[in-house]
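A.B. asks: Quick mapping for you: the protein sequence lines, in order, are chains U and C.
Sequential numbering of the first sequence, starting at 1, is according to the working numbering.
Sequential numbering of the second sequence, starting at 1, is according to the working numbering.
Possibly wrong hints are sitting among the right ones.
[Claimed, not checked] Under the rule of at most 25 Å between Cα atoms (straight-line distance), these lysine-lysine pairs were calculated in the DSS-like manner: (1) K45/U to K187/U; (2) K210/U to K332/U; (3) K187/U to K258/C; (4) K65/U to K45/U; (5) K121/U to K40/U; (6) K210/U to K333/U; (7) K180/U to K127/U; (8) K188/U to K258/C; (9) K188/U to K293/C; (10) K187/U to K293/C.
[Unchecked claim] Partial selection, computed: residues in chain U whose CB lies under 8 Å from chain C: (11) E135; (12) P138; (13) V143; (14) A146; (15) L149; (16) A153; (17) L156; (18) I161; (19) N163; (20) T209; (21) A303; (22) T307.
[To be verified] Facing chain U, a subset of chain C residues (Cβ under 10 Å, in silico): (23) E168; (24) G177; (25) H187; (26) N259; (27) E286.
Since the hints were derived computationally from the structure, they do not count as laboratory data.
C-beta atoms are modelled at their ideal positions from N, C-alpha and C, and glycine is treated no differently.
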Amino acid sequence: MAVRLEPEDFAKYPFLEEAQDFVRARGYTLEKILTSSSGKIIATKAVDRIIAALSSKLRFDDTIKLESVEKEILSYSIARILIVCINNRTITEKLMHYESDRVRYFLHRELTDERGDPEKKRIIMEKIGIAPDQEALPVNAYVELAAGLRDDAWRLVNRDIRNGMVRIHPEEIESIVREKLRIILQKKLPREVPEELCSRVQPLIDRITKANQEHILESYGDIEEGYFPPCITALIAAVASGANIPHTGRFAITAFLHTIGMHPAQIVEVFSRAPDFDLSRTVYQVEHISGRSGTEYTPPSCATMRTYGLCVNRDGWCEHVHHPLSYYRDRKKKEQKKSETPA
Amino acid sequence: MNAATLAYIKQRFSSYYRTSSRRIPPALAQREWGFIFFEPSAEVHMRRHMSFSSRQELTDYIRSMVPAHAYYSTAYYAYPAAPTMNDKKWTGADLIFDLDADHVVRGVPYDVMLARVKEETQKLVGMLSGELGFSEKTMELAFSGGRGYHIHIRDLEIRDWGSHERRELVDYVCGIGLDPAIMLRAHLRDRGWPARYREALAEEVTAIGSMNRGEAMAELTGNRGIGEKTAAAFLDRLPELAAELRDASREIVLNSPKNRILQAVIAGREEQIRERVRARAALTDEPVTTDIKRLIRLPGSLHGGSGFRATPLSVAELGDFDPLVDAVVFGEESMKIELGAARMTVPLLGNRYELCRGVNAVPEALAVFLCCRNFAEIAGGGMRTGA
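With the rest of the complex left out, here is chain U:
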């Protein structure tokens, strides 16, 4: 008997075309949602989705409650519009991770839950473009996935490749599906949202950016130069000594300091340690990288730092991280904890 997807499935998998058709057929329009009182609840749910995505302790478990099918699908769509308005790369990425991980969780439940259906899992996975028993992927398709996966085992250079096909192992399928979906969700984001619409949802946006600020403060806390990763410390030292550091290095310092919550004026101060300090040029660069131009940049990962020859003075903490930001966050957390423990 052929398995059919039910409306209840659309609440779990709101990215499906069928789910979008489902709400469209019920006459929901953006205008209605933004003006009606029931729409307010949906908008709130959309904000909640994004705020949940910002939390680093994101976990899906059996306590997750699905609300009405319409509300799940519509809040999913509104959340996507909101993040396009916000145009902050970190927030966007976090929402994409959140949504794909949510789908991964429900796919898993199709196997473990008594009301689940493995056949549905297969159908959804095929819509995502990965078969449950996929054994290899073409290099191009693989690279798109691997680029977003951190572990060294995913690097193309560490894979078995034969005639343009990359071998994958059964235990890797789940991660691959999640990553593939994340990319699909990202690609299908609306390219632009009319400014007029964005300004109408400004109060919602304000709530999200405020939550994001709080989140940054929470995860990085006060700025402590002593816990900076060696690569960033070396770059700052190079600036101070007047060495001519490459653009990639300036970019890394600025994006790093910006992400841990340093104010542009303080970042400019770091560069002012250079003997050939040029105020207006530095201000321009710093403001550009920290988002004045509309795009916020995230600092380069360890892999990128290596490629640019900026990964230097590696120490024990580096072994456990793939990103200078994780180095800083982890080391700060652990060492501060240590110092708080009474001797």
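With the hints as your guide, set chain C onto chain U.
C.D. replies: Okay, now just chain C, sitting in the frame of chain U:
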């Protein structure tokens, strides 16, 4: 370059551009163009943020302006002529590999250097087609006119890749980020990086084995936690270990206690192993591939620093290509030049020219090359040379 030389070179370039054609990239109207012109001042200035809507428009521009260098963007833009990168609206980019002598070999004569870079290019083509599955037919190659080669790949599915995706490919061909523990697991077949890495490691342990016993013991016991006994046992079974390493289907569990010494060797001899890995990699210039907004030299244009033609090539043509013959577009008519250097030997058009400081009579092709490289100025013509 003095005024007379400048006028001469520009006149030679102009005559080339009147009769020759270029390999115009697809989606011409979406490319940004940049040019450097012959100018008396030493300061290099690029005129960029230009765009052309048709081949004729581009050809007319090149013929009338006679640039010293012509470049186009590997990227596709909605507004290629917009004055800032942000306003151009990036929509994709070709995949580029740049093999430059700087990254491959140093301190050898020009012809030897070019031959080495060509080898490296062939190695890269082999990896891209044989391992990664790119079709040789879709690869457009070019001799850069200077010290290397470019590979252009325009498969549609990779056009919108960002730097991260491109880095996966460039790290693969350069052998960057190899994880020893993964390489030493059992692999299906004897090719690709597991085989290359294991061969490199086998070579390194064999090198330790060929030191004299005392030296080898010192090398091994220099690692923390490696005692005399472990080191001696390791040296005794080196040939066996090398054979195991060379068989990629053999599983070696690197973090097992019995392989602690191998782990120590891998950590302690990191630099040496890295060199052996590099010898097996295709040493392309990494940032060029990961930069998605780069300008690249137009194949079929002349390189103002050598006078050679940036020569469009197919994979099939690469084997027989000799840049010092096939990228030379000027003739054998005799010209007088004044050489600045005390003496130099230049291989060109199948000959070796021995030149000394002062005025030399050379074929036009060599005159253009020496003037473009700033090794010489034009002498004679209507002017007295004082000789």
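A.B. asks: Does A153/U pass the interface check with chain C, least Cβ-Cβ distance below 8 Å?
C.D. replies: Where the cut-off is 8 Å and the nearest Cβ of chain C is about 6 Å from A153/U, the hint holds.
A.B. asks: Given the hint that K180/U pairs with K127/U, does the C-alpha gap stay at or below 25 Å?
C.D. replies: Status holds; Cα separation ~11 Å.
A.B. asks: Answer holds if the nearest beta-carbon of chain C is closer than 8 Å to that of I161/U; otherwise answer violated.
C.D. replies: holds, 5 Å
A.B. asks: Is it true that the CA of K210/U sits at most 25 Å from the CA of K333/U?
C.D. replies: holds, 23 Å
A.B. asks: Answer holds if the nearest beta-carbon of chain C is closer than 8 Å to that of E135/U; otherwise answer violated.
C.D. replies: violated, 12 Å
A.B. asks: Grab the minimum C-beta distance from P138/U to chain C and call the hint holds if it beats 8 Å, violated otherwise.
C.D. replies: Status holds, d = 7 Å.
A.B. asks: Against chain U, with CB atoms and a cut of 10 Å, does the hint on E286/C hold up?
C.D. replies: holds, 6 Å
A.B. asks: Measuring from the C-beta of N259/C to each C-beta in chain U, is the shortest one below 10 Å?
C.D. replies: violated, 19 Å
A.B. asks: Can we keep the L156/U interface hint, with Cβ of chain C closer than 8 Å?
C.D. replies: Holds - the Cβ of L156/U comes within 8 Å of chain C, reaching about 4 Å at its closest.
A.B. asks: Holds or violated: is the Cβ of G177/C closer than 10 Å to a Cβ in chain U?
C.D. replies: holds, 5 Å
A.B. asks: What's the verdict on K188/U and K293/C, does the C-alpha distance respect the 25 Å limit or exceed it?
C.D. replies: holds, 24 Å
A.B. asks: Could you grab the alpha-carbon distance between K65/U and K45/U and see if it respects the 25 Å cut-off?
C.D. replies: Judged against 25 Å, a Cα distance of about 12 Å means the pair holds.
The structure fails to meet hints 3, 5, 8, 11, 15, 20, 26 from the earlier list, while all remaining hints are met.
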